[in-house]
Every structure is written in structure tokens, then in C-alpha cells.
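Taken in order, these protein sequences are the chains called P and E.
Positions 1 to 825 (this note's numbering) are the ones given, in order, by the first sequence.
Positions 1 to 549 (this note's numbering) are the ones given, in order, by the second sequence.
A hint or two may mislead.
Unchecked claim - Computed cross-link-like contacts, DSS-like style, restricted to lysine-lysine with a CA-CA straight-line distance of at most 27 Å: (1) P:K46 - E:K284; (2) P:K454 - P:K468; (3) E:K284 - P:K711; (4) P:K411 - E:K511.
Claimed, not checked - Beta-carbon label-pair distances, calculated as ranges: (5) E:R279 - P:E193: 50 to 60 Å; (6) P:P521 - E:P461: 56 to 66 Å; (7) P:D84 - E:T543: 38 to 48 Å; (8) E:D438 - P:G712: 55 to 65 Å; (9) E:R96 - P:E204: 31 to 41 Å; (10) P:R218 - E:W314: 17 to 27 Å; (11) E:L11 - P:A726: 47 to 57 Å; (12) P:W496 - E:L25: 32 to 42 Å; (13) P:G32 - E:F330: 40 to 50 Å.
Calculated from the structure, these hints are not laboratory results.
Keep in mind that this is a model prediction, so the values were computed, not measured.
For every residue, glycine included, the Cβ atom is placed at its ideal position computed from N, Cα and C.
Chain by chain, the residues run as shown.
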Amino acid sequence: MSPWKIVLFVAALAGLLWSLAPQRAIAPNEPGVIEIYYTGDAGANKAAFDEAFLDFEAQSRALHEKDPRRPIYRVVNGQSASRDQTADPTRFLVSVAGGQPPDLLLFDRYAISEWAARGAFTKLEPFLAREAQSSDPDAIRAENYYRSCWKEVVYADPVTGDTGTYGIPERVDDRALFYNKDLLKRAGFVDAEGEARPPKNWAELSEMAAKLTERNERGAITRLGFAPNYGNAWLYLYGWMNGGQFMTPDRRHATLNDPRVVEALQWMTKVYDSLGGAAAVYGFQSSAQTGQLDPFVQGKVALKIDGYWTFPEALAQFGANLNYGVAAPPMPQSAIDAGRPGMSWVSGWCFAIPSTARNKGAGWELLKYMCSRRAAEVIGEANRLQLGSQGLVYVPTQNANRKINEWLYEKYVAGNPAIPAKMRDGVKLLNDLIDTSPIRPVTPVGQLMFNEQKRATENAIFHKLSPKAALDDANESVQRQLDRALSPPRGSIVPWRYFVGVYLALVALGAGLIYWWETKPRRGGVAAVEGTRSHYFRSQWRGGWLCASPWIIGFIVLTGGPILFSIIISFCDYDVLNPARFVGLANYHWMLTGDRLFWKSVGNTAYMIIGIPLGLALSLGIALLLNLEIKGVAIWRTFFYLPSIVPVVASSILWFWIFNPNAGMLNTFLASFGVHGPNWLQDEHTSKPALILLGLWSSGGGMIIWLAGLKGISDSYYEAAELDGANAWQRFRHITLPLLSPYILFNVIMGLIATLQIFTQAYIMTEGGPVDSTLFYAYHLFNQAFRFLQMGYASALGWFLFLVVFGLTMMQLKLSKRWVHYEGE
Amino acid sequence: MKTLRTLVIYLLLIGGSLVFVWPFLWMAATSAKLDRELFSETIHFLPQRPIPRLQSPYVDDRLYADLQGPHLENALGLIEKDLGSLNYSWPNDLERTVLIRQSARGVYTRLLNVLPGEVWEWPPAQLDARLKSEISPALVAEIVAQLRRVFCLGAFRAESYDQQEDVLVPADKAATAWQIGGDAAAQLVPGGLPNESNAELRYDFSKGDRVTLTQIFHTSFPLARLHRLQLSLRYDNTWHRLRIFVEKEGRRYEAARALPLADYDWVLDTWQERGPEDRPTKVKTWTLLEPDGASPMNAPNEIKVTFELQKTNWLGAWMAKIERNYRQTFDYVPFWRYFGTSVFLVILNLVGTLFSCSLVAYAFARLQWPGRSICFALLLATMMIPAQVTMIPQFLIMQKLGWYNTLQPLWIASFVAPAFYVFLLRQFLKGVPRDLEDAARLDGCGFFRIYWHIMLPLVRPTLAAIAIFTFLATWNEFMMPLIYLADQRLYPLSFGLYAFQVQVSYPGTAKGMGMVMAASLLMMLPVVLIFLFAQRYFLRGVTLTGLKG
């Protein structure tokens with residue numbers, strides 16, 4: 001290539017890159033515009049929220065025209081690529097760690113304390129103090145909100161007593177008992193006037209549960225009377241009703257094994273037993289769909305305790321012909337005798353400002369707007385219009401602001417003749433229940449407690465453990481994490497500057513030493529490297545250094561430094577938000593003795609090893625087939641190879657749908673043979689086999705390697721064997737396999753190393769679930785680093801992984817000497 | 001014996017390739033389906049054929065096509081007979097025999113859920129009596145309403161940027177507010193239930209292929225502030241095309257594309273001009289109005305709106321159906337933005353990897369310099385370190401450099417020579433005969449020219465393999481965007497696709513599945529095309545490196 005051609009080529013490339021660079025699209029192209037980054041839920045509400053943002057922007061523009069000092073706001077509300085902010089806040093926390101989180105975030109209230117405790121959210125007191133001075137009727141004041149909602153966003157550290165308000169409540173959900181009047185009437189549960197009568201207490205509830213449940217001839221449940229965990233009650237509700245508590249008032253001790261809670265779980269277990277066991281109920285639940293096919297809407301569930309969202313999501317749309325009623329969840333008789341008021345429990349969302357947000361002031365402006373009545377109206381109207389045009393009724397979500405909630409109720413529920421009385425009464429009942437209903441404990445381990453109560457409930461109702469043992473176990477797990485959270489390490493702060501200095505000095509010293517050693521004349525006057533005395537070789541040295549410099553720089557900055565850093569950090573507690581502190585071997589100790597998920601993830605990863613021999617056998621089989629004398633090898637080969645080059649994101653998404661239990665390819669295929677397929681990814685027993693199946697589909701890459709190996713086997717061996725009378729199997733066993741042994745070993749080891757690092761498929765398809773059944777090692781490590789920001793612990797996990805990989809590589813070197821057959825030896 | 005063997009081999013090949021290729025076919029078929037088809041009781045492999053009916057309203061004879069149940073034929077006969085004798089005024093704009101036949105199927109489906117199973121086993125007379133007692137005019141009316149496909153119009157609104165809303169045509173006036181034009185026979189009839197009124201547009205395309213609805217409206221706000229026009233309507237699943245023309249402020253506007261009358265739910269269609277909502281992060285729930293010449297309408301509050309319904313043929317209907325999910329994908333995500341970002345990253349990674357790796361490999365293979373052996377040992381050692389170990393410190397370094405939420409972390413590492421490719425190239429460069437180098441040196445070539453003119457051409461096949469793997473790795477990259485990018489406008493295609501899947505799919509439903517399949521197909525298309533054109537290099541790359549693609 002001549003120089004001007006190169007120049008032209010480089011120029012063209014640079015031009016292309018410039019025109020493609022997306023960074024240019026980001027810069028705000030208008031003076032005075034301030035961008036506010038917002039992250040909220042991705043669901044159906046997004047369109048309505050976008051309307052509100054548009055209104056907010058228009059308002060700011062109008063104010064700017066009057067007073068040019070005021071900024072024009074623009075809300076950036078992109079797809080945040082996070083499925084559920086609460087269950088998996090990874091994307092949010094990574095952005096906090098990265099230093100560019102959204103300026104405003106919609107977050108589940110009960111999860112806010114967990115991250116507030118770690119310093120991920122801003123204390124809103126300064127803003128609230130300003131609001132208190134303001135005469136604006138819309139100003140944000142605690143007294144305007146339901147008390148339980150506000151309590152949930154105030155976190156006080158149980159040890160230091162440091163208190164702050166970390167969010168402003170947005171919506172509320174509480175729970176009630178929904179019952180199908182027709183089914184109750186049919187079974188004779190009626191009052192004096194012949195109207196359906198909901199259960200008064202637990203005894204009646206369990207009686208109805210058993211009596212209203214119907215089964216088919218195979219014993220499968222076709223109509224469910226009532227199941228404690230169908231809907232959204234959880235152990236929390238039953239525990240509280242029974243007078244139990246899940247935490248001591250000082251919030252330093254978890255009390256999931258409170259005798260009252262244990263009693264509640266015993267009752268739940270008894271109800272499940274009376275229905276024919278939890279497995280039968282879960283079988284019924286697993287085929288449940290949403291929307292129009294919702295079992296309660298279809299009359300296949302008689303009673304359920306579920307959240308307020310049952311109105312907007314199911315009953316308002318599809319419940320016109322359903323004769324239902326709503327009542328406060330029934331309590332145990334002892335609680336009624338004690339005169340406790342009817343209760344539900346409250347959850348919901350709030351707006352919060354991350355601690356590292358770049359533009360907190362603007363975030364607060366948007367927050368204020370979103371909490372105003374105007375925003376509630378814009379959102380309400382957008383939803384009403386959208387649903388109304390489809391002939392559907394709009395029922396607003398419950399707002400955490402009491403005044404706005406009452407106003408919404410008057411306007412959209414009481415004031416809407418299209419809403420039937422049954423729904424109006426139900427909404428009213430749920431609104432009235434908010435005041436007497438408790439919230440989950442405000443604690444840094446809220447999420448874990450939720451998971452553990454769920455796990456304990458399942459352990460008990462499936463009779464894997466007694467209720468007491470299950471809750472003891474859950475309590476221990478929560479307490480262990482709580483102790484860890486409440487007693488932050490007291491080790492000394494890591495002096496990073498010092499370490500960087502030492503590292504650079506070491507690099508310089510090492511370079512000098514190597515130079516000296518390699519250029520030192522040895523015996524006979526010759527150095528380790530040619531050229532100490534020749535000008536030509538000296539220039540070659542410079543050439544070598546220059547050419548190798550990309551790697552050398554890369555090694556110092558992106559590999560060597562990070563490795564040392566990683567070693568140091570694995571002995572530290574570091575969450576990016578606070579300075580790193582030395583904790584000695586605590587991370588390794590926790591890994592091997594404290595962390596249950598560590599062993600679970602190791603087990604899951606080990607399970608996936610099954611896929612390696614299967615994949616090898618399958619690809620070898622195809623290779624053998626293609627190695628025969630067949631026509632159109634290239635075409636056949638393409639068919640088999642194609643799946644292996646499909647981008648993993650695309651193949652994961654494709655198979656995510658293939659495994660869909662209702663509409664997926666696999667189950668519709670099985671159904672055509674009359675087989676009822678499993679739930680695949682949604683069942684902890686089939687999730688790993690499903691992922692192995694996906695792996696087998698893309699095993700075509702291995703086939704190419706086998707083909708190369710097979711091509712390398714000389715025909716003369718086979719001819720000789722045939723002369724000796726060897727049959728096809730013997731030829732395969734005694735010629736092909738031994739000659740392929742280097743490939744086998746290579747493939748097995750590479751397969752093992754790849755298996756240890758399975759991540760993307762699980763992240764996209766299952767999120768590590770269900771019940772952590774696809775939480776693989778690399779996923780666990782990723783979670784620790786970027787979901788829990790336990791960078792130190794994640795590094796320790798990384799070094800454990802290194803040890804395993806190192807061992808495997810060594811094994812490969814050793815084994816390849818021992819039993820692998822190399823031709824020509 | 002020989003032929004049997006050949007037969008078995010080819011059967012195995014065909015069966016095997018079907019298993020491997022089937023997901024692709026399923027994906028392509030799914031990308032052309034409506035959500036309704038994916039979410040029904042019986043699921044068909046091929047998308048349902050779109051039928052551009054000439055007359056509307058008509059009876060949907062496919063709603064109850066997949067019927068299963070005990071004594072099906074028998075029961076249907078009985079129900080049909082009962083329906084014929086039922087005291088019910090059948091609508092006279094639908095074909096009676098088809099309607100009764102389909103209604104019978106609908107009634108059967110309904111009764112299957114209501115009646116106890118043993119009823120169907122009863123003797124015909126007894127069964128018939130029971131069926132008769134269940135069939136009421138109300139039930140039949142409900143089923144007929146389900147079977148009747150008709151194009152319905154509801155309210156028509158205009159909204160300003162100041163949240164001012166004008167209902168230009170209220171739902172109960174929809175039947176009288178429009179002037180009908182066009183060359184096909186058509187009429188507007190009041191329809192719907194009393195509490196949710198609307199208008200039915202009945203048309204006949206057997207003569208003529210165009211129906212227009214026109215009206216001039218006056219808005220309460222100046223049209224310069226017009227944000228959008230919204231019409232609620234219910235399509236009739238005929239796949240004919242609906243287009244809007246707007247004249248205001250002396251200009252004429254035309255919808256950028258016609259909407260096919262697909263599916264039959266009530267929808268709210270929106271049309272608007274370019275404005276502040278045109279952002280890459282915004283889901284485009286509207287159809288764009290594009291300026292298209294001048295118009296005599298120039299009063300500030302006067303707007304003329306014309307809806308045009310245009311006939312389509314079977315080919316047009318198929319095209320519209322196949323296109324539908326792809327179009328929606330483009331509305332949902334800034335696909336070309338993502339695509340451009342991916343290409344941007346691919347170019348940078350290719351340039352970086354090829355240049356740096358070959359240069360470094362040259363230094364390791366052909367040049368003598370102090371520190372070489374140690375450095376090479378270090379290079380080999382780093383290949384054993386799992387990426388997970390360095391991932392965390394690298395993240396923190398990038399964050400300290402202020403590179404979080406920029407694209408730098410996604411390409412910078414390729415410029416510092418990934419170890420595996422260096423190792424690979426070094427092995428090949430080692431094998432180059434010394435004589436070549438010496439001859440060049442005698443001719444006065446420096447190190448760089450030897451590298452450029454001698455070494456690079458000799459390792460071209462290896463470089464091609466590395467290029468392919470770099471392309472694949474960059475195109476498929478998931479982890480890097482996951483931890484480094486927060487802003488949707490920076491997403492590459494792979495991650496954009498994931499974000500899209502998260503956005504549109506809800507667990508437990510098949511909602512959005514067609515769109516996601518369309519998007520995945522688009523994403524893998526470049527990879528597949530490049531594979532088909534450069535198959536040779538792919539396969540050689542695999543055997544050369546032992547990587548599996």
C-alpha cells in the first residue's frame with residue numbers, strides 16, 4: 001500500500017468513526033437546558049409518567065421565558081435495562097458506584113433502608129426544611145402522607161442513631177380478602193339475607209379453603225378455595241395478625257422465630273395440608289396466567305388475599321361479570337377477642353435521590369412536581385384516556401399522599417358512574433385499611449428477610465422442615481447478615497497512594513533488574529540478550545520495546561495493577577461509597593463458613609458440568625456424521641454450526657421464549673403429542689437442564705474442532721484395521737478415540753473453564769432464579785460486586801475461581817503427558 | 001445394505017439439521033405473529049393468513065376454528081338447530097348461515113366451561129333439552145358481538161402542548177360528524193352499547209378501493225401549539241390501510257405511513273408532527289405527520305382532517321403483517337442508533353486488536369530485547385487469570401478516570417493487545433523463515449517496514465481469524481455495557497436488545513414476544529450474513545484457535 005492510500009484509508013475510517021460516535025447525540029444541543037436523569041419502573045405506567053415529564057418540561061420552559069435565569073429541564077427517561085429495581089437493583093447500584101446515577105429514582109420503599117444504610121441515598125432533610133418554610137399548598141410535608149408510608153422512608157441506624165429521610169413516598173398498596181360471592185353462595189356460606197358471607201376468622205377461612213377446593217379425577221386442583229400464599233399475603237400478614245413481630249423494637253435482632261409467627265406458619269401449613277399438600281396448590285398456581293385468564297377472574301379461585309393492584313390490573317378490566325366482594329383479611333379468633341383492629345399490610349414506592357447524583361437540586365424539582373396534585377392529574381388523565389379508548393375503566397393506584405389519594409378516589413372512583421358499587425366499596429375499604437396496617441421492618445436486611453420468610457414458608461408447607469425449624473433457620477440467616485451490616489469493620493483505612501507508589505516503584509525496579517540481568521555479560525562475554533556491543537542490536541532493542549509497548553502499558557495499567565489491587569482488596573471491606581478498610585481474612589472466612597449462596601453456587605456450577613460430556617458427544621457425533629462421504633457437506637455443516645455463532649444475547653432471548661411454558665416452542669411441540677411440558681425456566685428442577693439444552697444447541701463450534709481432528713487421521717490406520725477384521729465400533733474405539741484424545745482433553749478443560757464462568761445466559765434468562773437454582777459461581781461473584789457492592793468479598797471469590805482455573809490448567813498439562821496419545825510418539 | 005446405510009445417514013442429517021434450524025424458523029414465524037396468536041389456547045407454527053375482506057362488517061370464521069371437546073360434531077349439529085329456531089333477531093348485515101355455524105361453535109365453547117362434563121354423554125334428546133335451556137338470546141348476542149368484525153370509530157381529539165384538550169368529535173357524534181367520500185360504497189352507522197357509543201364504518205370494496213372521512217374543525221387553542229391528534233378506533237382485522245391528511249396554517253400534512261387495520265381490539269392511534277418528543281429514548285407511540293405541500297386552510301384555529309381507508313390485496317396484507325413487528329421494534333428502540341454504536345465499537349476494536357496484537361507479537365517473535373522472556377512468561381501467566389478477577393479493579397480504574405457511562409471502556413482494552421491473540425500470532429510469526437527477514441534487512445528495511453511488508457502479509461489468515469473473533473466478541477458483548485453504560489443513548493445493539501426485552505416482556509405473558517423475536521432476528525442477521533460470506537475464514541479460525549465462535 002502506498003502512503004497516500006494509507007492516509008486516505010485512515011482519514012476515511014476516522015470520518016466514519018466520527019459520524020458513528022454516539023457521544024455526540026448526548027450533548028444537550030440547546031443553551032440553558034439541564035438534563036435530569038430519571039429511572040423508574042418499566043411497566044405500563046411508563047407512558048403516563050412520560051406525559052407528566054412532558055408537562056414538567058413545558059412548565060420549566062414557560063418559567064424560563066419569564067425569567068431567563070431559571071433553567072429549562074429535560075427529563076431523560078431511557079430504558080434502564082433493569083427488570084425489577086427492587087429484586088435486582090444491579091443497574092442502579094452500578095451507576096451509583098460509577099458516579100453517574102440517575103438524579104431521581106423510583107424505588108421500592110422497603111428496600112430504601114438497605115441502601116440508605118450503605119450511603120447510597122441522599123438525606124432529604126435540607127430540602128424538607130425549605131419545604132416547611134414554603135407557603136405552597138403542594139409543599140411536601142410529612143403530615144400530608146399516610147403515617148406508615150412516611151415511617152418506611154425514615155431510617156435510623158440502630159447502632160449510631162443517625163437518622164434521615166431518604167425518600168418521598170409515591171404510591172401505596174395494601175392487601176384485602178377478595179372473595180367470589182357466587183362460589184360462596186353455592187357452597188352455602190351465606191348470612192341471614194342469603195348474601196355471601198366472607199370468613200370472620202382463621203377457623204372459618206380454613207374451613208372454606210378445604211370445602212371450596214375442587215379436584216379432577218387425577219387429583220389435580222381445578223378450583224382453589226383459598227391458599228394462604230396465593231396472592232400477596234406472605235407470612236408477614238399472618239404473623240402480624242397473630243400478634244407476632246419480625247424484629248425487636250431496637251431493630252438489632254431478627255425475630256422470625258417468634259412463637260406467634262411460628263404459630264401462624266403452623267396454621268398456614270395446616271391449610272395447605274387440608275388442600276392436599278403444597279405441591280398440589282403449586283401445580284395449580286404454576287398454570288395460572290394473568291389478565292383475562294387470571295384464575296380469580298375466571299372463577300377458579302374462591303378466596304384470595306391480594307394487593308390493591310387486583311383492581312387496576314384485573315377486576316377493572318375483566319371483572320365486570322364477576323360477582324365478587326372485598327373484605328378485610330380475617331384474623332385469628334384470639335386477635336379478635338383481644339380487640340385488635342382489622343389489618344392488612346402496606347408496601348409501595350417512593351422517589352429518592354442517589355447520594356452521588358450530579359444534580360440533586362434539579363432532581364428535587366422533578367420530585368416535587370411528581371408528588372404534586374398536578375402530576376397525579378396528568379398521570380390519571382393519560383391512563384384514563386389510554387384505557388378509555390380501549391373501552392376499559394381506569395382505577396387509579398393508591399397515592400401515598402392522603403389528600404391526593406382522597407381526591408383521586410373522589411374523582412376517578414366515586415365520581416365515575418362506570419365503576420360498579422362492588423369495586424367502589426372495595427377501593428374504599430382498602431383505602432381505609434392503610435391507617436391500621438403495619439409495614440415491614442425498616443432494616444438493612446429487608447430484602448433478605450423477605451426472601452428468607454418465603455423460603456421458610458416453602459420449607460414448612462412442603463414439609464421439608466417443621467415450621468419452627470424453618471423459621472429458626474431463616475432467622476439465623478437474617479441475623480448473621482444483620483450483624484454484618486450493623487457492625488461495620490473497624491480495620492484501618494487502606495492507604496491507596498502508598499500502594500500505588502510501591503507498585504510503580506516495583507515496576508521500575510523490576511524493569512531495571514531485568515535490564516541489568518539480561519545485558520550483564522556472562523561467561524565468554526555473551527549476555528542473555530544479543531546486542532550489548534552492536535549498534536544494530538541496540539536499535540533492535542528500541543524497536544522491540546516500542547513494538548511491545550502496547551502490551552507493556554496494558555499490562556502495567558490494566559492487568560498487573562488490577563491483579564495486585566484485587567489481592568489487596570480481597571482482604572478489605574470495600575463498597576465504593578465508603579473508604580476501604582482492612583479486615584484480614586474475614587472475606588475468605590465468610591466465603592467458606594458464612595455464605596450459604598457460595599456453596600449453592602458451587603453446587604449449581606458443578607451440576608452444569610453434566611453438559612460438557614453431552615456437548616462433546618453430540619458434537620463428535622455430528623462430526624463423525626459429516627466426516628462420512630456425503631453430498632453437500634458445506635450446507636449440512638452450516639446448519640449445525642449456525643446456532644453457535646448466534647450472539648448470546650439473541651440466543652438467550654430466543655430460548656427464553658422457546659422455554660415459555662404457555663406459548664413457547666418446546667411446550668407447544670410437546671403438547672402436540674399430548675405431553676404437558678414442564679415450566680422449564682420457572683421451575684427450580686428444570687431450570688438448569690434447560691440451560692444445558694441451550695448449550696447443546698450451540699455446540700456446533702466443537703464439531704468444527706472434531707472435524708479438523710478427524711481429517712488429520714490417516715486413512716491407512718482404518719485400512720489396516722479393516723484388514724485385521726475390526727468392525728466399525730472397534731475402529732472407532734481403538735483408532736479414532738485415541739487419536740482424538742488431545743482434542744478431548746483440550747475440549748474438556750476448556751469446557752470446564754467456560755462452565756465456571758457461565759453468566760450471560762443465566763442473567764438474561766433466569767436472573768439466577770428460581771430459588772437460586774441458576775445462581776452460578778460467576779453470577780454470584782457478579783452479584784456480590786455489582787448488586788451488593790461487596791467489592792472485597794467479590795475479589796475473594798475471584799481468587800478462589802483463579803485457584804480452580806489454575807488447578808485445571810495444571811491438570812491439563814499433567815494429564816496430557818500421561819494418557820493423551822500424540823501421533824508420532 | 002449400502003443404500004440402507006446411506007438412507008440412515010441422510011435421515012440422521014436431515015433430522016439433526018431440522019432440530020438445529022427449527023428455533024430459527026420458529027423465531028422467524030413468531031416475528032410475523034400478532035400477540036393474540038401467541039397467546040391463544042392452540043398455537044400454530046405458521047402465522048395466521050391475513051384476509052383482506054372486501055365487505056365489512058363480516059363474520060370472523062376463525063375465532064372458534066380450533067375447537068376440541070367431547071362429541072363435537074354431534075353437539076354442534078344440535079346447537080345449530082337450536083340456534084336456527086331461537087327467537088333472536090340476527091343482524092342482517094352479516095351472512096346468516098356462516099353466522100349461525102360460527103355462533104354454534106362459540107356457544108359450544110362457552111357451554112364446555114359451564115356444563116358438567118357428564119352432560120355431553122347424555123342421549124341426544126336429553127342433551128338437546130339441556131342445551132336448549134342454556135341457550136338464551138343474551139348468550140347468543142354476546143357471542144355474535146364477539147364474532148362480528150367491524151371498523152369502529154370513537155372520539156377524535158386534539159391536544160395542545162399546554163395540556164389543553166379539545167374533543168373535536170365526541171364518541172356519540174362519531175356517526176354524524178364526518179363527511180364520507182371516496183369511490184367505494186360506505187356508510188357511518190351509530191353503534192356500540194348505550195354507555196360506550198361509537199360509530200361503525202361499513203364499507204364495500206368490491207367496487208372502488210377508497211373511502212374517505214373528512215371534516216373541518218375549529219380548535220380552542222392556536223394550532224401552532226398543536227401537539228397531537230388522537231382517534232380511538234377498533235380495527236376489523238382486514239389489513240386495509242388507514243392514512244390521515246391534515247391541512248392547517250396554510251400547509252398540508254400527510255402521515256408518514258399508513259396503518260394496517262390489523263387485529264380487532266380498541267386502540268388509540270396518535271398522529272403528530274416532529275417536536276420535542278422525538279428523542280432516541282422515547283418510545284414512538286405515534287405516527288409522524290410530514291409536511292406535504294401548501295393548503296388554502298390558513299386560519300389559526302381551523303384544521304381540516306381527512307382519514308383515508310384504502311383497499312389492499314393479499315400480497316399487501318401479507319407484507320403489512322410480516323412488517324408489523326419489525327416496524328414496532330423500530331418505534332420502540334432507536335435501532336439504527338444502537339446499530340451505529342455497535343459498528344463504531346467493532347471498527348475500533350478491530351483496528352486496535354489487529355494493530356496492537358500483531359505489533360506486540362512481532363516484538364515477541366522476531367526482535368531481541370532485554371526483558372522479552374520475562375514479559376512473555378508474564379503474558380502466558382495472565383492468560384490463566386479469569387476475567388472476573390480483573391473486572392472489579394478495571395471498573396474502579398475506569399470510574400476514577402471518569403469513563404463510567406462512556407464508550408471508552410468498551411474498546412480501550414483492545415489497543416493494549418489481548419494476550420491470547422498475541423500468543424497466537426507469535427506462534428505463527430515464529431515459523432517465518434529467517435532468510436526473508438535478513439534479505440529485507442540487507443535491502444535496508446527498518447523493523448517497522450519488515451513488520452509491515454514481510455510479517456503482516458504472511459500472517460494474514462491468522463489475522464482474518466482474529467478479526468472474525470473480535471467482531472463476534474464485540475457484536476455479542478454483554479457484560480461490558482451492563483456494568484459501564486447507564487445512558488440508553490450509548491447502548492450497543494446487544495445490550496439495547498436486552499433492554500428492549502426487559503421493557504416489553506412481562507413474565508407469565510407472551511406480550512411483546514413477536515417484537516422481541518423480530519429484534520433478535522435483526523441483531524443476528526449481520527453475524528449470519530458475514531458467516532455465509534466468509535465461511536472459510538470462520539472455520540479456519542475455529543481450527544486455528546480452538547475457540548468455538
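Now the hints, each set against the structure:
no.	hint	result
1	P:K46 - E:K284	holds (13 Å)
2	P:K454 - P:K468	holds (14 Å)
3	E:K284 - P:K711	violated (54 Å)
4	P:K411 - E:K511	violated (31 Å)
5	E:R279 - P:E193: 50 to 60 Å	holds (59 Å)
6	P:P521 - E:P461: 56 to 66 Å	violated (42 Å)
7	P:D84 - E:T543: 38 to 48 Å	holds (44 Å)
8	E:D438 - P:G712: 55 to 65 Å	violated (33 Å)
9	E:R96 - P:E204: 31 to 41 Å	violated (53 Å)
10	P:R218 - E:W314: 17 to 27 Å	violated (46 Å)
11	E:L11 - P:A726: 47 to 57 Å	violated (26 Å)
12	P:W496 - E:L25: 32 to 42 Å	violated (56 Å)
13	P:G32 - E:F330: 40 to 50 Å	violated (32 Å)
Violated hints for the displayed structure, listed by number in ascending order: 3, 4, 6, 8, 9, 10, 11, 12, 13.
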